[in-house]
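**Q** Sequence:
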Amino acid sequence: MARKRGSRPSPDAGGPEMEIRYEFGFDAAHRFPGMPRGHRYRGTHGHSFRAVVAVHGVPRPPAGFVADFARVEIACRGVRKRLDHALLNDIPGLGDPSLENLCVWIWDRLARRLPGLASVTVRRDSLGQSCIYYGAGPGRRVHRGPR
Numbered sequence: 002m003a004r005k006r007g008s009r010p011s012p013d014a015g016g017p018e019m020e021i022r023y024e025f026g027f028d029a030a031h032r033f034p035g036m037p038r039g040h041r042y043r044g045t046h047g048h049s050f051r052a053v054v055a056v057h058g059v060p061r062p063p064a065g066f067v068a069d070f071a072r073v074e075i076a077c078r079g080v081r082k083r084l085d086h087a088l089l090n091d092i093p094g095l096g097d098p099s100l101e102n103l104c105v106w107i108w109d110r111l112a113r114r115l116p117g118l119a120s121v122t123v124r125r126d127s128l129g130q131s132c133i134y135y136g137a138g139p140g141r142r143v144h145r146g147p148r
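Sequential numbering of the sequence shown, starting at 2, is according to the working numbering.
Keep in mind the hints are simulated off the structure, nothing from the lab.
Note that the structure is a prediction, hence the values are computed from the model and not measured.
Positions of the beta carbon are idealized from the N, C-alpha and C atoms, including for glycine.
You may find that some hints are simply not true.
Claimed, not checked - DEER-style ranges, computed between Cβ atoms: (1) R51 <-> D91: 20 to 26 Å; (2) S131 <-> F70: 34 to 40 Å; (3) A71 <-> S49: 35 to 41 Å; (4) H86 <-> G35: 31 to 37 Å; (5) D97 <-> H57: 14 to 20 Å; (6) R61 <-> A112: 15 to 21 Å; (7) G39 <-> A71: 23 to 29 Å; (8) P62 <-> P34: 51 to 57 Å.
What the hints assert, rightly or not - The list that follows gives simulated cross-link-like pairs (lysine to any residue, SDA-like), each with its CA atoms no further than 25 Å apart: (9) K82 <-> D97; (10) K82 <-> A30; (11) K82 <-> P37; (12) K82 <-> S131; (13) K82 <-> C132; (14) K82 <-> D109; (15) K82 <-> M19; (16) K82 <-> H40; (17) K82 <-> G65; (18) K82 <-> A64; (19) K82 <-> F33; (20) K82 <-> P62; (21) K82 <-> R113; (22) K82 <-> R38; (23) K82 <-> V59; (24) K82 <-> I92; (25) K82 <-> E18; (26) K82 <-> E101; (27) K82 <-> P17; (28) K82 <-> G44; (29) K82 <-> M36; (30) K82 <-> R61; (31) K82 <-> P60; (32) K82 <-> V53; (33) K82 <-> I21; (34) K82 <-> G96; (35) K82 <-> I133; (36) K82 <-> T122; (37) K82 <-> G39; (38) K82 <-> G16; (39) K82 <-> Y135; (40) K82 <-> D69.
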């Protein structure tokens, strides 16, 4: 028997899969010493960054949350504190502070605390630049198009 359009699947069907997102900002400086002399990214410069953390799952009783936003916010608070107003080159484990490496660094600090972590996005809105990381290894969600 087909479900009515817009109706919720029964709990035994696994429930609807959803994704929640939490966003936070940080301002930081970085440099890329490996760039050629005269390249504008070689010297120390700063940006305002936006990070978006996405958690994927099925809403669970009793509240019907994919994840409790309060827990997501607390997990992200320590990451933000470490990045905000920092020289990113000085952060252990980050390596060259590219958008790509920032995504992986953030993921590595959140994955154990946020079951269902689906992606980490880091943006520099003023430049129209961003990177999305979907994790690595077994159980990794595969991106299948725009969200």
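**Q** Look at each hint and say if it fits the structure.
**A** Taking the hints in turn, this is what the structure says about them:
1. R51 <-> D91: 20 to 26 Å: Given range 20 to 26 Å: holds, Cβ gap about 21 Å.
2. S131 <-> F70: 34 to 40 Å: At 22 Å between Cβs, range violated.
3. A71 <-> S49: 35 to 41 Å: 25 Å, violated
4. H86 <-> G35: 31 to 37 Å: For G35 against H86, whose Cβ atoms are near 24 Å apart, the range 31 to 37 Å is violated.
5. D97 <-> H57: 14 to 20 Å: 29 Å, violated
6. R61 <-> A112: 15 to 21 Å: 19 Å, holds
7. G39 <-> A71: 23 to 29 Å: Since G39 and A71 have Cβ atoms about 48 Å apart, the given range 23 to 29 Å is violated.
8. P62 <-> P34: 51 to 57 Å: Given about 52 Å between the Cβ atoms, the range holds.
9. K82 <-> D97: 19 Å, holds
10. K82 <-> A30: 14 Å, holds
11. K82 <-> P37: Distance of about 31 Å is beyond 25 Å: violated.
12. K82 <-> S131: 21 Å, holds
13. K82 <-> C132: With Cα atoms ~21 Å apart, K82 and C132 stay inside 25 Å; holds.
14. K82 <-> D109: Holds, at about 16 Å.
15. K82 <-> M19: 28 Å, violated
16. K82 <-> H40: 30 Å, violated
17. K82 <-> G65: Distance ~30 Å between K82 and G65 Cα, so the pair is violated.
18. K82 <-> A64: 29 Å, violated
19. K82 <-> F33: With Cα atoms ~22 Å apart, K82 and F33 stay inside 25 Å; holds.
20. K82 <-> P62: 32 Å, violated
21. K82 <-> R113: Holds, because 18 Å separates the two Cα atoms, which is no more than 25 Å.
22. K82 <-> R38: 32 Å, violated
23. K82 <-> V59: 30 Å, violated
24. K82 <-> I92: It holds: about 12 Å lies between the C-alpha atoms, which stays within 25 Å.
25. K82 <-> E18: 31 Å, violated
26. K82 <-> E101: With a Cα-Cα distance of about 19 Å, the restraint between K82 and E101 holds, given a limit of 25 Å.
27. K82 <-> P17: 34 Å, violated
28. K82 <-> G44: 24 Å, holds
29. K82 <-> M36: Judged against 25 Å, a Cα distance of about 28 Å means the pair is violated.
30. K82 <-> R61: 30 Å, violated
31. K82 <-> P60: Outside the cut-off at roughly 29 Å; violated.
32. K82 <-> V53: 15 Å, holds
33. K82 <-> I21: 22 Å, holds
34. K82 <-> G96: This hinted pair holds, its Cα atoms lying about 18 Å apart.
35. K82 <-> I133: Distance ~21 Å between K82 and I133 Cα, so the pair holds.
36. K82 <-> T122: 17 Å, holds
37. K82 <-> G39: 32 Å, violated
38. K82 <-> G16: 35 Å, violated
39. K82 <-> Y135: 23 Å, holds
40. K82 <-> D69: With Cα atoms ~20 Å apart, K82 and D69 stay inside 25 Å; holds.
Checked against the numbered hints above, the structure breaks hints 2, 3, 4, 5, 7, 11, 15, 16, 17, 18, 20, 22, 23, 25, 27, 29, 30, 31, 37, 38 and satisfies the rest.
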